[in-house]
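Enquirer: For reference, the chains in residue letters:
Protein chains: 2
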Amino acid sequence: MTTAKRDTYTPTTLLQVAVQVFNERGYDGTSMEHLSRAAGISKSSIYHHVTGKEELLRLAVSRALDGLFGILDEEHARVGPAAGRLEYVVRRMVEVLIAELPYVTLLLRVRGNTDTERRALERRRDFDHRVADLLKAAAAEGDIRGDVEVRLATRLVFGMINSVVEWYRPDGRGMGEREVSDAVVRLVFGGLRNPE
Amino acid sequence: MTTAKRDTYTPTTLLQVAVQVFNERGYDGTSMEHLSRAAGISKSSIYHHVTGKEELLRLAVSRALDGLFGILDEEHARVGPAAGRLEYVVRRMVEVLIAELPYVTLLLRVRGNTDTERRALERRRDFDHRVADLLKAAAAEGDIRGDVEVRLATRLVFGMINSVVEWYRPDGRGMGEREVSDAVVRLVFGGLRNPE
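Each protein sequence line maps, in turn, to chains A and B. Anchor point for the first sequence: position 190 equals 373 in our numbering, and the numbering is continuous, going up by one each time. Anchor point for the second sequence: position 31 equals 214 in our numbering, and the numbering is continuous, going up by one each time.
It is worth saying that the hints were derived from the structure and are not from the lab. Keep in mind that this is a model prediction, so the values were computed, not measured. For each residue, glycine too, the CB sits at the ideal point set by N, CA and C. Worth double-checking, as some hints may not be accurate.
Unchecked claim - Selected chain B positions facing chain A (Cβ under 10 angstroms, derived; list incomplete): (1) Arg-328; (2) Val-331; (3) Gly-342; (4) Ala-366.
To be verified - Covered stretches of chain A, as calculated for chain B (at least 3 residues, CB under 8 angstroms): (5) 310–319; (6) 325–332; (7) 347–353.
Stated by the list, open to error - Simulated crosslink set (SDA-like; lysine to any residue; CA at most 25 angstroms straight-line): (8) Lys-226(B) / Glu-257(B); (9) Lys-319(A) / Lys-226(B); (10) Lys-236(A) / Gly-212(B); (11) Lys-319(A) / Gln-199(B); (12) Lys-319(A) / Arg-274(A); (13) Lys-188(B) / Gln-199(B); (14) Lys-188(A) / Ser-227(A); (15) Lys-319(A) / Gly-373(B); (16) Lys-319(A) / Phe-372(B); (17) Lys-236(A) / Ala-282(A); (18) Lys-226(B) / Thr-196(B); (19) Lys-236(A) / Asp-211(B); (20) Lys-319(A) / Tyr-351(B); (21) Lys-319(B) / Ser-227(A); (22) Lys-226(A) / Pro-194(A); (23) Lys-319(A) / Asp-211(B); (24) Lys-226(B) / Asp-190(B); (25) Lys-319(A) / Asn-345(B).
Please put together the full structure from these sequences, using the hints given.
Expert: Below, the structure written as structure tokens:
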């Protein structure tokens with residue numbers, strides 16, 4: 184039984200609830216019944232806001248992807264030597280990942296079982312290619328090492344950045360966003376070796 | 184219906200099948216019926232080998248963890264300056280991850296819902312601490328940068344290494360194991376910046 188509750192949701196607040204359920208149960212394992220129970224409103228109230236769970240998924244992964252693509256339009260990502268632009272993009276990726284933690288977490292788990300998921304994977308690949316191009320340009324300008332293949336380097340750098348969703352929790356205790364983004368930038372560009 | 188097949192499995196080959204199913208369906212989503220169908224033998228034949236799916240999970244994650252802990256007992260991980268030992272451990276982690284790809288993939292997805300999973304998470308944490316200690320020792324010896332907190336650096340380095348399971352496929356085409364382990368060692372210690 185659904186506990187009756189007045190439907191005071193906006194698309195944004197309903198999405199918040201849905202994304203949490205998707206991340207807990209997996210998208211495939213989530214039914215409209217689960218969403219209705221978590222939101223405390225009836226299924227038909229949910230259908231008043233969206234056409235179904237796939238639209239909620241689309242809205243959620245779009246929010247993550249729009250955040251990431253937005254970085255590439257920012258001035259520091261467009262102007263100056265490629266290595267500086269790349270450093271800016273890496274820092275901002277960590278910031279967006281932390282600011283949109285549940286949405287990016289969901290995006291990173293998408294496996295491609297539905298049209299929405301396949302389109303999300305395609306946009307993720309686009310984004311990866313844009314960053315790989317930046318890396319390639321920085322290598323051509325001599326600022327990035329040439330002994331690691333660009334696609335492989337991009338994958339490994341994304342691996343480090345994306346792993347933040349596995350453990351970062353915005354609970355006030357623990358690490359701040361700035362500490363994490365500084366650390367990622369230092370390790371991605373300088374590595375562990377003592378620079379002194 | 185299970186297609187009848189003579190049970191010629193050994194514990195090792197049955198484990199191979201089970202791990203593939205676990206990785207495809209998720210451990211929670213896998214039933215004995217799924218395992219029986221994938222193996223082509225009856226459930227009671229499977230029970231002839233193991234007590235149930237949790238034992239298969241235990242065997243699988245133990246194989247991954249034994250591989251990882253084995254690294255720490257190797258001579259190059261025990262002798263010499265900490266930075267050199269750390270570099271050796273990072274390279275060997277990538278090698279073990281690739282050699283035991285399905286087993287490590289399963290290990291990294293374990294969430295702690297059963298005793299077996301909780302024990303696996305505990306052993307993973309132990310391993311993380313052993314590597315963090317090595318990092319701390321290398322920092323004390325002045326070979327590792329001091330401006331990134333040790334626990335955070337360990338998490339980010341593990342993030343890069345573990346991300347290899349997301350895309351590495353041993354299909355003969357594409358990258359070789361050596362190219363990947365070289366790239367990880369270069370990026371973890373030297374970063375992207377051109378060392379020349």
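Enquirer: None of the hints should be skipped; say for each whether it holds.
Expert: Here is what the structure says about each hint:
| no. | hint | result |
| --- | --- | --- |
| 1 | Arg-328 | holds, 5 angstroms |
| 2 | Val-331 | holds, 5 angstroms |
| 3 | Gly-342 | holds, 2 angstroms |
| 4 | Ala-366 | holds, 5 angstroms |
| 5 | 310–319 | violated (count 1) |
| 6 | 325–332 | holds (count 8) |
| 7 | 347–353 | holds (count 3) |
| 8 | Lys-226(B) / Glu-257(B) | violated, 40 angstroms |
| 9 | Lys-319(A) / Lys-226(B) | violated, 53 angstroms |
| 10 | Lys-236(A) / Gly-212(B) | holds, 20 angstroms |
| 11 | Lys-319(A) / Gln-199(B) | violated, 39 angstroms |
| 12 | Lys-319(A) / Arg-274(A) | holds, 18 angstroms |
| 13 | Lys-188(B) / Gln-199(B) | holds, 17 angstroms |
| 14 | Lys-188(A) / Ser-227(A) | holds, 13 angstroms |
| 15 | Lys-319(A) / Gly-373(B) | holds, 18 angstroms |
| 16 | Lys-319(A) / Phe-372(B) | holds, 20 angstroms |
| 17 | Lys-236(A) / Ala-282(A) | holds, 23 angstroms |
| 18 | Lys-226(B) / Thr-196(B) | holds, 16 angstroms |
| 19 | Lys-236(A) / Asp-211(B) | holds, 22 angstroms |
| 20 | Lys-319(A) / Tyr-351(B) | holds, 21 angstroms |
| 21 | Lys-319(B) / Ser-227(A) | violated, 56 angstroms |
| 22 | Lys-226(A) / Pro-194(A) | holds, 15 angstroms |
| 23 | Lys-319(A) / Asp-211(B) | violated, 42 angstroms |
| 24 | Lys-226(B) / Asp-190(B) | holds, 11 angstroms |
| 25 | Lys-319(A) / Asn-345(B) | holds, 24 angstroms |
Going through the hint list in order, the structure does not satisfy hints 5, 8, 9, 11, 21, 23.
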